[in-house]
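Visitor: Assemble chain F onto chain U, guided by the hints.
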Amino acid sequence: MIHVNLLPVEYRKTESTPVGRFLAIVVGAVLVTSTLVAYGYVHYSELKGIREVRASVEAEFANKQAQAQMAQALKNEIAAYQTRRKAIQKIASARILQSRKLDEFLDIVHNGNDPTQYFVWLSKLDVKPGRAKRRGKAQAGGSWAFSGWAETTEFSRVTNFRDTLRKDAFFDDFASISQPNFKAVTWDDGLEPSEAGSFNYGMTLKPLGWQKNAKAKK
Amino acid sequence: MSKLNEKQLLLLTIGITVLLLGGLGWLIWSDMQAVEEEEGKIAQLHQQIGAAEKEIAKIPEREAQVIADREIADREVTFLPSEDDIESFWEVLERFADESGVRIDEISPSRASGRGAKGPIQTVSQTMTVRGTVDEYLRFMNLIENYDRIINVTEYSISSGKKADEDGKYRHGIRLALSTFTYSKRIANTIVSIPQYEKKRQTAEVKRWLSRIKIQEKESYTLRTSLGRRDPFVNVRREIEDTDGPEAGADRERAEALLENLTESLQVLATGLEEEKLLKERGDIFRLAQAIKENRQLMADLVRRIEQLRQDKVFRDPRLAERFRQEVLEPFERLRERIEAADTERPPMSNDEVKARFAAIAKHFDDRKWDEVTKGVRNFMDMTHDGQHVVEEARPTVEKITDMLRRSGVIREFEKRQIEITTIIFSPNGLSLAIINGKSKSEGDALDNDGRVVIAEVGEDYVIFETEGVEIKKLKGE
Numbered sequence: 001m002i003h004v005n006l007l008p009v010e011y012r013k014t015e016s017t018p019v020g021r022f023l024a025i026v027v028g029a030v031l032v033t034s035t036l037v038a039y040g041y042v043h044y045s046e047l048k049g050i051r052e053v054r055a056s057v058e059a060e061f062a063n064k065q066a067q068a069q070m071a072q073a074l075k076n077e078i079a080a081y082q083t084r085r086k087a088i089q090k091i092a093s094a095r096i097l098q099s100r101k102l103d104e105f106l107d108i109v110h111n112g113n114d115p116t117q118y119f120v121w122l123s124k125l126d127v128k129p130g131r132a133k134r135r136g137k138a139q140a141g142g143s144w145a146f147s148g149w150a151e152t153t154e155f156s157r158v159t160n161f162r163d164t165l166r167k168d169a170f171f172d173d174f175a176s177i178s179q180p181n182f183k184a185v186t187w188d189d190g191l192e193p194s195e196a197g198s199f200n201y202g203m204t205l206k207p208l209g210w211q212k213n214a215k216a217k218k
Numbered sequence: 001m002s003k004l005n006e007k008q009l010l011l012l013t014i015g016i017t018v019l020l021l022g023g024l025g026w027l028i029w030s031d032m033q034a035v036e037e038e039e040g041k042i043a044q045l046h047q048q049i050g051a052a053e054k055e056i057a058k059i060p061e062r063e064a065q066v067i068a069d070r071e072i073a074d075r076e077v078t079f080l081p082s083e084d085d086i087e088s089f090w091e092v093l094e095r096f097a098d099e100s101g102v103r104i105d106e107i108s109p110s111r112a113s114g115r116g117a118k119g120p121i122q123t124v125s126q127t128m129t130v131r132g133t134v135d136e137y138l139r140f141m142n143l144i145e146n147y148d149r150i151i152n153v154t155e156y157s158i159s160s161g162k163k164a165d166e167d168g169k170y171r172h173g174i175r176l177a178l179s180t181f182t183y184s185k186r187i188a189n190t191i192v193s194i195p196q197y198e199k200k201r202q203t204a205e206v207k208r209w210l211s212r213i214k215i216q217e218k219e220s221y222t223l224r225t226s227l228g229r230r231d232p233f234v235n236v237r238r239e240i241e242d243t244d245g246p247e248a249g250a251d252r253e254r255a256e257a258l259l260e261n262l263t264e265s266l267q268v269l270a271t272g273l274e275e276e277k278l279l280k281e282r283g284d285i286f287r288l289a290q291a292i293k294e295n296r297q298l299m300a301d302l303v304r305r306i307e308q309l310r311q312d313k314v315f316r317d318p319r320l321a322e323r324f325r326q327e328v329l330e331p332f333e334r335l336r337e338r339i340e341a342a343d344t345e346r347p348p349m350s351n352d353e354v355k356a357r358f359a360a361i362a363k364h365f366d367d368r369k370w371d372e373v374t375k376g377v378r379n380f381m382d383m384t385h386d387g388q389h390v391v392e393e394a395r396p397t398v399e400k401i402t403d404m405l406r407r408s409g410v411i412r413e414f415e416k417r418q419i420e421i422t423t424i425i426f427s428p429n430g431l432s433l434a435i436i437n438g439k440s441k442s443e444g445d446a447l448d449n450d451g452r453v454v455i456a457e458v459g460e461d462y463v464i465f466e467t468e469g470v471e472i473k474k475l476k477g478e
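These protein sequence lines are chains U and F, in that order.
If you're matching positions, the first sequence starts at 1 in the numbering used here and goes up one per residue.
If you're matching positions, the second sequence starts at 1 in the numbering used here and goes up one per residue.
Chain U on its own, in the form it takes in the complex:
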């Protein structure tokens, strides 16, 4: 069926956006605009603001960090001095004055040129430092080994010499001395004396710094 609108043009009903669509557009526009405003607020106010705060905190941190690095560098320098100080103390305290020990030893051997107790002459003296078998401190401060002859073939002369060594202050730095040994020797070469007793001794030094340790124990 065909509908014909016979009304004049000015009376005809004008075509307009349907209400439903119009409402949808209006509501949509309001919602989109509000969301856009919200986005603008979050993006340009909140986010920008907090980024500025972060930049300022970062600048503050960079400044503090530079100062903290200075504090750390000072700490490192202090540590370096302390390490060096300890190393120096170790060097100076772990030192045996060999000239003192030899000087004392020579006095004992000479024995005031009194041959009544003993009269010895030496062929060899070996002084060696203490060596740790494994990592760590050496158990002994070193060793002395010497050999020579006593003027007579009397065994007691060699033991007298050993006793004098042990009783002298020189021996304070030592932990032990080997047992006495003696072998009578005779020569037929026209030199005097023609007979003597050969001997050798080994002595072990106490560990380095024993005086300090002894004081600490007291």
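The set of hints was computed from the structure by calculation and includes no laboratory data.
Heads up, none of these hints are tricks.
Covered stretches of chain U, as calculated for chain F (at least 3 residues, CB under 8 angstroms):
| id | region |
| --- | --- |
| 1 | 17-24 |
| 2 | 42-48 |
| 3 | 66-74 |
| 4 | 84-93 |
| 5 | 120-131 |
Even glycine gets a Cβ: it sits at the ideal position worked out from N, Cα and C.
Guide: Leaving out everything else, chain F in the frame of chain U:
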């Protein structure tokens, strides 16, 4: 679009709205996420700032400690050679050999260590083979062990000499291992420039740290008198002597020559002691110090020689023995007593005298005559047994004298550096700049990478540098 019906258009409108809302919602959500992330970062930064502030709070105490460490550093390492002066180690050994009379046969680096492991202190080891009497060797070892810089004798062996040398002495074969220690002047990778160093140096906090630092002293030993002591490494077995043969004649000639030589030395010593007395009366303290030193050295040498002759029984002939007693031993004892008396009589140096010494050295210091400063300080030390033989109240001045030597050393080292100040942009109220060696520097900057020298002040036509606690002024274009 015109083909769409109303329902479709409505759906399209709603769809577009939803899409736009969804997109914007996503943007808002991602921004919120970013905000949250930023907040997290800020919180983390605040934590780091808190930790940094804790470190920063320790700066004043650490500065005080570092200043104390730097101030005392030179004294702490006083007996360690620096890397620069380790080269003199061998020269020192040669000098001591010469002084003691031992003959060096061989010096070689020790296989055991060489320049040792990395660390603040490094070991330099040597092995030596020398020949000498036991007395010469003992003196050599003692000179080594008493040397200003630490040298340790780690091991040695003495094998008795089988035959006497041409001069009649029995020299033994001696092998010894030595080690010395060296340190690097560069203490840490970064040397912090401490602002207002000079001012802070005077604070109680620095002094408190200084008082806590114990300076390790190096032990030394003075040899006992060895007069009359037999060399136990000399084989005592002898042939029955023939005093009338031609060999005996040669021995007598040699013994007479030795006697004459000793008599001459005694005369030299007697003259030296006269001169010492004269200088003392005149108050010529500089030359007096030198004379005292030389006379004591000559005395020590005579003690050694006489003792050796006694040991070797060179004067077996009764006539020679008598001459030895009359011409050598008796005058020798008299001279020795005279020296002992002079040493005990000499009072400690007075405060005024120490101050006068200080003023003289300070003048050389101001005139930048560094050799004179060194000479003056050494002379003073010789006179006063290393600054010990002074009255108690003069001790602070002695410290100043010692410090002057240190400072002159620092300035000398500084002057070795090539430093050229070409331009100065001086700003009385702002940051002044100086172009030094082509680089722009301001106060607090380190001169170069080692950080040992910092710019303390930039003036109108000068720059003040600071190194090892010493401030050094340098004019532009100087």
